[in-house]
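Respectively, the protein sequence lines represent chains A and B. If you read the first sequence in this note's numbering, its first letter stands for residue 3, the second for the next number, and so on. If you read the second sequence in this note's numbering, its first letter stands for residue 2, the second for the next number, and so on.
Simulated from the structure, these hints should not be mistaken for lab results. Yeah, the Cβ is synthetic: ideal placement off N, Cα and C, and Gly gets one too. Misleading hints may appear alongside valid ones.
To give an idea of the chain A side of the interface with chain B (calculated C-beta under 7 Å), a few residues [as the list claims (entries may be wrong)]:
(1) Ser93
(2) Tyr229
(3) Pro234
Not the full set, but computed from the structure, chain A residues with beta-carbon under 10 Å of chain B [what the hints assert, rightly or not]:
(4) Ala95
(5) Gln96
(6) Asp190
(7) Phe192
(8) Glu220
(9) Arg230
(10) Arg232
(11) Asp233
(12) Leu240
(13) Leu241
(14) Ala242
(15) Phe255
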Amino acid sequence: MADLIPADVRSRLRNLRIVTQRAVGSHGIGLHQSHSRGAGLEFAQYRAYEPGDELRQIDWKLYARSDKFFVREAERESPVAIWVLIDASASMAQADAGQPDYRRIDAAKSMAACIGQMAMQQGDRFGYMAISDDGMALLPPATGLRQRDRLLIELSQMRTGTGFAAETQLGPVWERIGAHDLIILLSDCFDEGAIALAEKLGSAGREIVVVEMLTAAERDFAFDGGYRFRDPETGEELLADGAALRTEFLARFGAARAELHKRLDAIGIRHAAHLLDEPVDLPLRRLFGGHDAAEYA
Amino acid sequence: MGLLAPLALLAIAAIIVPLAIHIARRSEIQTINFAALRWLRQRPKPRSRLRFDEWPLLLVRIALIALIALLLARPVWTMAERPAAYIAVVPGADLRALPPRVEAHWVAPLFPTIDQPQPDEPLPIASLIRQLDAQLPIGTPLTLIVPRRLAGVDGGLMQLSRKVEWRIVDGAPRPETPIKARPMALAIRTGETHRSSLRYLSGAATAWQVKADAGNVDSPLPDSSRMLIWMDRGTIPDRLARWVSEGGTALLASDMIKVDGPYAPSWVDEDGMPLIEEAKYGKGRLLRFTRPLTAAAMPELLEADFPVHLMATLRGAPSPPTQVMAADYAPITGGRSGEAAPENAGPWIALIIAALFLLERWMATRRTRSIAP
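Here chain A stands alone, though its shape is the one from the complex (with noise of 0.2 Å):
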């Protein structure tokens, strides 16, 4: 499996933490405390009496086998769980013509790792879902590196669909994210469906951010001549003469962003751009970085 993350962007991932804004400090504790143990659910390790332990956590079972004192630890569940949600429409297949096999959908592969090395580093849970018509990849929240590695498995496994998912099919996300996580949703936000349920998931007080996936022709439209323009989607196709319409459709794609960016400042999205010639971790270190350590680049 070809390593996701690019061996730059890892080193810069380092220093960089995915923040949540609304489930700080909600549960009393501090930011991202994965590896503090104590009581909980979920069974993390035994491990030998030292003295000072409550008496109640001693596992009596254990003592009769053993004849040694051990104390159950569980881990206690992070606060947060990171959601990265990936449109798996047909459009998001586009690649620029400058490197044909680095797709839109590479790019949130990748950057969807990052995401979840970064989560696992600060030991917060994360989870993945794939969204189009096509049906839905899941990967249920959790932490640690079994967790990553079942992420990138999944990832390798990802497949596009057509269009984005039909509001019917939206269902798992309503009923697996809480209502503190954080949704990650790398869309190229040409869907309507993808930004209505940005706008949906922000309204019910989901914390939400959006980074665009966007190719390097769409910011430059550098075509020269005649081409034969086809949607992905929709099969529609357009015979024109690229020069021709650069102006034009760099006006209209710019009010067509500008407008998206109203939408979803609206209703306090955060959301950034990613530029298929730049590197991934950009638009996370704009959305999460201190100010300093934003435009590095």
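Based on the hints, put chain B in the right spot on chain A.
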């Protein structure tokens, strides 16, 4: 400019071949996925699909084909007019009359320059002057330097298209052609079968007041200044043939075997049938009766003017006078101005084609060229 074969210009239709070559790759339109199509759709501008790659190379190729078509059409052009004066010297004129170091030409075939030796064969001077007038571009001033007495003229008027400076200088026509008096002298050789015809011939000689050298066919041949009448049958003896070909004139009987050659009638009867016909034989003339010399076959024998006709036939057509005083032969204007002879432009176009071909090869094979057509 003109074209000798304008239909060959149809070959210019072949320029579709390079056009097609340069179009072809363009027709494959690249299809790309573009999800943001909805912001592109508003103005589906129909693209002009006729596009060509590598304009310079295409232009060179089109020019190459057009020039080849032009070459096939056999272009000619008339050279630009040269207003430089043209001086022509008739052979025999005194060259001292020429201004020094001026370019002049002999009035001789191909009009050699004056540096060449003076031509010394008899030349049709009048015809050459007319040719010169027709060849020279319209408007070129022409100066003709002629000797006082001009030879080689003909009966036609010297009517030229331009005003000619007719400069008469000392000198005599070259070569000096002596005017030879040609006294009539006759020799008659008769064979056994033609004794009866001797009467008519002797009678004619008597009428001419000429002493005929009569003899039979075995007698030696006379010298070539005499006309010879040879009345015999069979083939022409070798010695007679040699005598004629060295410049003699012989009249043969009708039952001699005819020598090959184009015969022209030189005396015809009232019905237009030839009585005597003539052919050239070597340097000499060979005449023959077409009928036997009997009064039944040839009633003209009995006519009173038979000696006159016979003499005229034997002497042949008198040569016309060819000399004139140059002052009396000054050209007059008003002749039809000849179109200047068009020159073949093919070699120049072929040169341009070769240069263009090299250019095309260089452009088409240079290293920085793209892979397309």
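Quiz item: Hint check: is the beta carbon of Gln96(A) less than 10 Å from a beta carbon of chain B?
Solution: OK, holds: Gln96(A) within 10 Å of chain B, min 5 Å.
Quiz item: Is the interface hint for Ala95(A) satisfied, with its Cβ closer than 10 Å to some Cβ of chain B?
Solution: Where the cut-off is 10 Å and the nearest Cβ of chain B is about 7 Å from Ala95(A), the hint holds.
Practice problem: So, Ser93(A) near chain B? Judge it on the closest CB pair being under 7 Å. | Solution: Result: holds, 3 Å to nearest chain B Cβ.
Practice problem: Have a go at the Asp190(A) hint: is there a Cβ in chain B nearer than 10 Å to its own Cβ? | Solution: 6 Å, holds
Quiz item: Should the interface hint for Tyr229(A) be scored as holding, given a Cβ-Cβ cut-off of 7 Å against chain B?
Solution: Holds, about 6 Å.
Quiz item: Going by Cβ atoms only, is Leu240(A) closer than 10 Å to chain B?
Solution: 6 Å, holds
Quiz item: Holds or violated: Ala242(A) as interface residue toward chain B, Cβ cutoff 10 Å?
Solution: Holds. Min distance 6 Å.
Quiz item: Quick one, is the Leu241(A) hint okay against chain B at 10 Å, beta carbons?
Solution: 7 Å, holds
Quiz item: Does Phe192(A) pass the interface check with chain B, least Cβ-Cβ distance below 10 Å?
Solution: 5 Å, holds
Exercise. With a cut-off of 10 Å on the beta carbons, see whether Asp233(A) makes it to chain B.
Key: 4 Å, holds
Self-check item: Restraint check, 10 Å cut-off on beta carbons, for Glu220(A) near chain B
Solution: Given a least distance of 5 Å, the restraint on Glu220(A) holds.
Quiz item: Are Phe255(A) and chain B close enough, Cβ to Cβ, to be under 10 Å, as the hint says?
Solution: Because about 5 Å separates Phe255(A) from the closest Cβ in chain B, which is inside the 10 Å limit, the hint holds.
When held up to the earlier numbered hints, the structure conflicts with none and fits them all.
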